[in-house]
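Between the sequences and the hints, there should be enough to build the whole structure, so can you do that?
Each residue of the sequence shown is one higher than the one before, starting from 719 at the first, in our numbering.
Since the hints were derived computationally from the structure, they do not count as laboratory data.
No false leads were slipped in.
As a list, the in silico BS3-like pairs of lysine-lysine whose alpha-carbon atoms are at most 25 Å apart:
#1 1147 with 1124
#2 1121 with 1147
#3 1126 with 1147
Note that this is a predicted model, so its numbers are computed, not measured.
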Amino acid sequence: MNVKQFLIGKPFPSSRALHERLDRFRGLAVFASDPISSNAYATEAIMSTLVLLGTSALAGTLPIALVIAALVALVIFCYNQTIYHYPMGGGAYMVTKDNLGPIPSLFAGAALLSDYVMTVAVSVSAGVRALGSAFPEVTFLHDNRAYLGIIVILIITWLNLRGLRESGTIFALPTYAFVGSVLLVIVIGLARYYELFGAPPLPAPQLVETTNEVSSFLLVWLVLRAFAAGCTALTGIEAISDGVQAFREPSAHNAVRTMRTMGLFAMSLFIGISFLATHLHLVPTERESILSQLARTVTGGGPLYFFVQACTMLILVLAANTAYQDFPRLSAFLASDGFLPRWMTLLGDRLVYSRGIGVLALMSSLLIVFFDGDEIRLLPLYALGIFVSFTLSQASMVVLWGKVAKLKPGERLETGVTTLHYEPHVFWKRLPSMIGSVLTGIVLVILAVTKFVQGAWIIVLALPLMVLLFRSIRNHYDYVVKNLRLTGLKPENLRTHADIAIVPASDLHRASLRAIRYAQRLSSDVRVVKVVNDETEAAATRQRWEQWSHFTQHSKLIFLHTDYRDPLDPLVEYIRDVYQQEFAGQLITVVVPEFVPNTFLAHLLHNQTASLLRVMLRGEENVIVIDVPYHLHKQPENP
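Shown next, in the form of structure tokens:
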């Protein structure tokens, strides 16, 4: 068993793909961890802005939370429609491509990809902070948040590389433990607040309410900022629509049921936390999160408190798993359309998009290092991308319902992406998408305006740059196709192969003799070329050449004299002269001998002349390079 199999397990056969799909129990753990985990900081994000108006303004937390919860319900309903009409997955990217065209779909794809990277960075950073909140006196946890975050990302990456079903099983326990423990805290908190069932009353708040005098404009501005901050509760809502095919059949039905359950859990927690935080007069602080304060106040800091904190840390960390499922899948959709590297469409040994997982891990790690693992600094960049995709997705569904409205009973329409059928009551089905596109568009503007100077300008700038990158990649693939296609090709258009083989040789040894004998099979004109610094070196080589003449007798030895130490430039110049002057318009062959050490460390002990030569010659249009390796053994083999 090699190292790779030891770390991620034995490869799965392709026939096992259906077996690796998720049931609703595991699917909720995998795809809902992000929106569920946002409850650990969404309420605090609202309160952190409102407190600028004074502690008395924190009473506005609950009304804002209720508006956001209503928006979540609307978005979930609209995405249910998207899932049923686009069961292949791809979510906002696919529906936008089908209805609004390629450029809007690229903005949807760029927005989602950027938001998934942000999800990993924010979730992991918040998870590390939750651990620090439980132990505020441990300075190490606060001073090394970035390094701890990278370690966590490596662990999550490793778990996801092991396969979708296995990672879903691992992540299920923390997800359900978080939901259950926080719901228990909320129930206990409500019972103590209303003094139900003989529960002891909550301690009286020690808060002294303050009010900061501000202008009407600043008041509206800060309320809008608080609303925008709380919209982080919507992150990850669309994840299931991107990964529909990860669910067992009937995949669309299971995906919709899972999304509804996710919304119910997430919003119950969000409203419950916001209600108690408001009525307990909690105030956000740097050293301890609102959820930690809430759990400590309700439970008195006993075992349940530490269990909640442990679950919070785990769910925040594992919330990144939602991005680990959708970033690679969405990247594969974009790559299959030619907008990302083709290798991102390939499944790894464990039937997951391992290359996309690696790219996500690298990008999110860089983000954590750049922002020093501080999720508060990252939050202004968060959620903007997701509302771009929300708006484009729902606007696309409005167009789709317009197509459906034109169909008559029994008719169907092939769009190139999906198949549409006649449906009754189209107006009422279209109405939620119309309302959703308008509302999410308004929220998008609010997010962009209120968070712009806080860092959202980075996302505003990044999205068009990502679209330009997508277009550049697609142009490259189109250019490749144009160059490789056989249309109009005639036999006389193909270049002839020159009867010559050039063997660069630093010395005569088993490796070079093997390459010479190989070249003699290819051509009657074999030239062994050696770069020398003086006549003494040339004479010694000529002597060895004559000594081994039974190997070299059908070849020609050529010396290139130079006063410099680098042998590569004279070699490349000679090769250019051969194909430009002697064999103009023909292909020549260069046979490169190379000995291969039996270990990687031994490989580092040798210069890489052969490798560098191959790299330099790869740019020469008329040169065919053949590598002839000679593997080193304890007992030398015959060349």
